[in-house]
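2 protein chains.
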Amino acid sequence: MSKKLTSRATDYSKWYNELVVKADLAENSGVRGMMVIKPYGYAIWEKMQAELDKMFKETGHENAYFPLFIPKSYFSKEASHVDGFAKECAVVTHYRLKNDADGKVIVDPAAKLDEELIVRPTSETIIWDTYKRWIESYRDLPLLINQWANVVRWEMRTRLFLRTAEFLWQEGHTAHATKAEALAEAEQMHQVYTTFAQNFMAMPVIKGRKTANERFAGALETFTIEALMQDGKALQAGTSHFLGQSFSKAFDVKFTNKEGKQENVWATSWGVTTRLIGALIMTHSDDNGLVLPPKLAPIQVVIVPIFRNDEQLDLITEKVDPIIKALRANGVSVKFDHRTTHKPGWKFAEYELKGVPLRIAIGPRDIENGTVELARRDTLSKEIVQQDNLVETITDLLEEIQNTLYNKALSFRDTHITEVNSFEEFKTVLEEKGGFIAAHWDGTVETEHKIKELTKATIRCIALDSKEEAGNCVLTGAPSKQRVLFAKAY
Amino acid sequence: MSKKLTSRATDYSKWYNELVVKADLAENSGVRGMMVIKPYGYAIWEKMQAELDKMFKETGHENAYFPLFIPKSYFSKEASHVDGFAKECAVVTHYRLKNDADGKVIVDPAAKLDEELIVRPTSETIIWDTYKRWIESYRDLPLLINQWANVVRWEMRTRLFLRTAEFLWQEGHTAHATKAEALAEAEQMHQVYTTFAQNFMAMPVIKGRKTANERFAGALETFTIEALMQDGKALQAGTSHFLGQSFSKAFDVKFTNKEGKQENVWATSWGVTTRLIGALIMTHSDDNGLVLPPKLAPIQVVIVPIFRNDEQLDLITEKVDPIIKALRANGVSVKFDHRTTHKPGWKFAEYELKGVPLRIAIGPRDIENGTVELARRDTLSKEIVQQDNLVETITDLLEEIQNTLYNKALSFRDTHITEVNSFEEFKTVLEEKGGFIAAHWDGTVETEHKIKELTKATIRCIALDSKEEAGNCVLTGAPSKQRVLFAKAY
Numbered sequence: 004m005s006k007k008l009t010s011r012a013t014d015y016s017k018w019y020n021e022l023v024v025k026a027d028l029a030e031n032s033g034v035r036g037m038m039v040i041k042p043y044g045y046a047i048w049e050k051m052q053a054e055l056d057k058m059f060k061e062t063g064h065e066n067a068y069f070p071l072f073i074p075k076s077y078f079s080k081e082a083s084h085v086d087g088f089a090k091e092c093a094v095v096t097h098y099r100l101k102n103d104a105d106g107k108v109i110v111d112p113a114a115k116l117d118e119e120l121i122v123r124p125t126s127e128t129i130i131w132d133t134y135k136r137w138i139e140s141y142r143d144l145p146l147l148i149n150q151w152a153n154v155v156r157w158e159m160r161t162r163l164f165l166r167t168a169e170f171l172w173q174e175g176h177t178a179h180a181t182k183a184e185a186l187a188e189a190e191q192m193h194q195v196y197t198t199f200a201q202n203f204m205a206m207p208v209i210k211g212r213k214t215a216n217e218r219f220a221g222a223l224e225t226f227t228i229e230a231l232m233q234d235g236k237a238l239q240a241g242t243s244h245f246l247g248q249s250f251s252k253a254f255d256v257k258f259t260n261k262e263g264k265q266e267n268v269w270a271t272s273w274g275v276t277t278r279l280i281g282a283l284i285m286t287h288s289d290d291n292g293l294v295l296p297p298k299l300a301p302i303q304v305v306i307v308p309i310f311r312n313d314e315q316l317d318l319i320t321e322k323v324d325p326i327i328k329a330l331r332a333n334g335v336s337v338k339f340d341h342r343t344t345h346k347p348g349w350k351f352a353e354y355e356l357k358g359v360p361l362r363i364a365i366g367p368r369d370i371e372n373g374t375v376e377l378a379r380r381d382t383l384s385k386e387i388v389q390q391d392n393l394v395e396t397i398t399d400l401l402e403e404i405q406n407t408l409y410n411k412a413l414s415f416r417d418t419h420i421t422e423v424n425s426f427e428e429f430k431t432v433l434e435e436k437g438g439f440i441a442a443h444w445d446g447t448v449e450t451e452h453k454i455k456e457l458t459k460a461t462i463r464c465i466a467l468d469s470k471e472e473a474g475n476c477v478l479t480g481a482p483s484k485q486r487v488l489f490a491k492a493y
Numbered sequence: 004m005s006k007k008l009t010s011r012a013t014d015y016s017k018w019y020n021e022l023v024v025k026a027d028l029a030e031n032s033g034v035r036g037m038m039v040i041k042p043y044g045y046a047i048w049e050k051m052q053a054e055l056d057k058m059f060k061e062t063g064h065e066n067a068y069f070p071l072f073i074p075k076s077y078f079s080k081e082a083s084h085v086d087g088f089a090k091e092c093a094v095v096t097h098y099r100l101k102n103d104a105d106g107k108v109i110v111d112p113a114a115k116l117d118e119e120l121i122v123r124p125t126s127e128t129i130i131w132d133t134y135k136r137w138i139e140s141y142r143d144l145p146l147l148i149n150q151w152a153n154v155v156r157w158e159m160r161t162r163l164f165l166r167t168a169e170f171l172w173q174e175g176h177t178a179h180a181t182k183a184e185a186l187a188e189a190e191q192m193h194q195v196y197t198t199f200a201q202n203f204m205a206m207p208v209i210k211g212r213k214t215a216n217e218r219f220a221g222a223l224e225t226f227t228i229e230a231l232m233q234d235g236k237a238l239q240a241g242t243s244h245f246l247g248q249s250f251s252k253a254f255d256v257k258f259t260n261k262e263g264k265q266e267n268v269w270a271t272s273w274g275v276t277t278r279l280i281g282a283l284i285m286t287h288s289d290d291n292g293l294v295l296p297p298k299l300a301p302i303q304v305v306i307v308p309i310f311r312n313d314e315q316l317d318l319i320t321e322k323v324d325p326i327i328k329a330l331r332a333n334g335v336s337v338k339f340d341h342r343t344t345h346k347p348g349w350k351f352a353e354y355e356l357k358g359v360p361l362r363i364a365i366g367p368r369d370i371e372n373g374t375v376e377l378a379r380r381d382t383l384s385k386e387i388v389q390q391d392n393l394v395e396t397i398t399d400l401l402e403e404i405q406n407t408l409y410n411k412a413l414s415f416r417d418t419h420i421t422e423v424n425s426f427e428e429f430k431t432v433l434e435e436k437g438g439f440i441a442a443h444w445d446g447t448v449e450t451e452h453k454i455k456e457l458t459k460a461t462i463r464c465i466a467l468d469s470k471e472e473a474g475n476c477v478l479t480g481a482p483s484k485q486r487v488l489f490a491k492a493y
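Chains A and B, in that order, give the protein sequences. In terms of my numbering, the first sequence opens at residue 4 and continues consecutively. In terms of my numbering, the second sequence opens at residue 4 and continues consecutively.
Hint data in this document are derived by calculation from the structure and do not stem from the laboratory. Each statement offered as a hint is correct.
Below, simulated PhoX-like cross-link-like pairs (lysine-lysine); rule was C-alpha separation at most 25 Å, straight line: (1) B:Lys-115 / A:Lys-101; (2) A:Lys-484 / A:Lys-459; (3) B:Lys-25 / A:Lys-135.
Predicted model, so just to flag it, every value in this text is computed and none were measured.
Same shape as in the complex, but just chain A (with noise of 0.2 Å):
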């Protein structure tokens, strides 16, 4: 398979499904709307989990696992819910496979289960059916858990990481004793998403609430970060939902406060998925290739021999282990492909289309004049440094690589946040330019409705860091406090 990409002016698109594909992310699989996560992509996966993970367990949350399975009674006990998550859901209505009489295998029509079970889309229910065991007093709460799991949506147009039919992610789902308690919490995960985007993605985000009409099913709050990729297009990376009573009223999860008396409990949820590893891609990579922020990057560091016989690779590899050790000693992870299945040229390319943020090539001539040949994947360019302080000149540039790639994004993304003040210039500047349009806007959902209809963007969020200021909706010409932030989206 030609390693050449389609270029992202030829069409992005294109060029996002031959990336993710030619660089060993994922792949479709045989089952309609499911990918496969490959070694490289789950690696990936796997940072980013070390990392979120960390987080949550540093502002107290415990991991713990819930059924897959959920009984459908349970998804028509909170009203909106259902109308959100039901419709796309895979059901599980057998429970065994026989024989017939041609020994064909055949689902088996006596074991049909009184009532179906949903493969999990989302777990509010099966967990706050759960939570009503656990929570008796306010010796109870609040309760902090975060699981990690796979869940199904049945979508019908997917697309690696970005839509899938199955996909992974975490979920977590909070009980606390009062509103005030439950919406900093809310608050909280949105700055640890926030801080997880920025310092380990070196991908800016938008801070922003939702509108009701894009707010979670049961949501009371919704708050979102909204980053851009480099076509102009957002993308939703993480949401964290004040849930308010609903659920615990729809489960009848009561607690006794301190004067004891009976109150049911607040709630929050909150989640990201393998999503991100398409807003990684998005944010990041280029016509070569992926190019990965040095702390999500499963290899930071690549080193690759120049030799002509095994005396010459013998050489490289007595000079190159201490440094390997030492890099390791200071928690790069380093690879060493010493391989002679294939040419260097050939290794060049691969960890160019990987993204591997470090490439360092070392030959019989380096050997002599204690040097090696550094290469940066985000700049594509090449020094010649010498081995004394090697470790050094790679942390240093490591560090600098995963800053140069935020201040890059963050720029891309602040030249692309327009103020229009009427429609024609909204359409104008979301067909040329794209990106986030900041306009007024009347608050109604017919509103929103009929300029999605019309552009096919949408309110991505209202920004908290939005000021007040008197205007006229871009579309019906009613007065407006603020500015809300427009997109066509992922």
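Fit chain B to the known structure of chain A by using the hints.
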């Protein structure tokens, strides 16, 4: 809820069920046969995962993720596999719910799948369907992949951790160019499981091979580790399968060898599950509650302050803080339970029930004397020790507890392997003593079935270290070349 457990002598099975629930490890959910793994139980699983994952990576394996659903037709491709697995599967037949005329949620009859999807009971079929795309040449081999995932097997009689309709596990699936390499891989992972059981779970195991009748559906050889529970019943704790070419033939996975010829690939698969938590419980715990080996204990040391007022607590906290820091710096996980909502006695009972290996109590008199009270969970012994060198005292003790637990379990196991030479003796030992019975067997599946029918005992394994010895089958008297190990099993 009373913390007092039914004693093991009174009712072992009841003791186990009560312990799992009272120690906050897991509980039954509202979904038939499916459990909720509570934070404390999940923390043990996380510790197991971390160690196993490290061992898998050190032996060259990478993680990946494959679809939850498997098209029904995939199962039919490997004949013996379908017989072993198809029967106990959850089947997805529909992909949408809707509201009926009365607003009730029903399965949308229009959303019926053309081909039913099976919720994976194990992933050989979907993975070998994928490997067909990944393997072309000998350069692509070996392929060494592991998956951490949930699986579903529709069990009729379930027990927390030991047998549940959904469980968590890892499944390794490897592909090799030669039979010898695949066999070596299966043996290597058999050893990895043995090392993990012994060094981390402090659980001695017998390494053996399964009889043809007890093999994994589709395997040519199944290696097993068999542990012995305190009630004299065996528990299969992990298996590693040499699959020959059965799956590569069923899914037509061939590679071009160095001579340019097409050959079928050789395969292995291997797995351990959340059942290991059940094994851990039943190996070490006692009538007071859980006993956890330090290497897998979520909390290794708990510090309980004894105080009457805030001033005393402040004094203790001041003394304890540097100890906690020093312990954590040495990789010891410590909890300082200074809650004022519960009395010291309640806390002592709580951490005893939860199997925390070491408990430190410290009160005003200890502050004066420069001492603490140290209590071991395994021996229930207490001693007063000096605060000086406490970190060394504790790290040494944790190691000693780990070894003591292993040796105790080993001694129990070794005194429960009994050689018998007649069927009368077989039945008597099985009834009165339990444990493994080393007996001659004529090598036929008929005899295996007959003995199971008469006694409920099965052949757990043919131990790898069993020596050749001429004898006669305990049931039929037919000649036999070696003893095999029978037991009643979980």
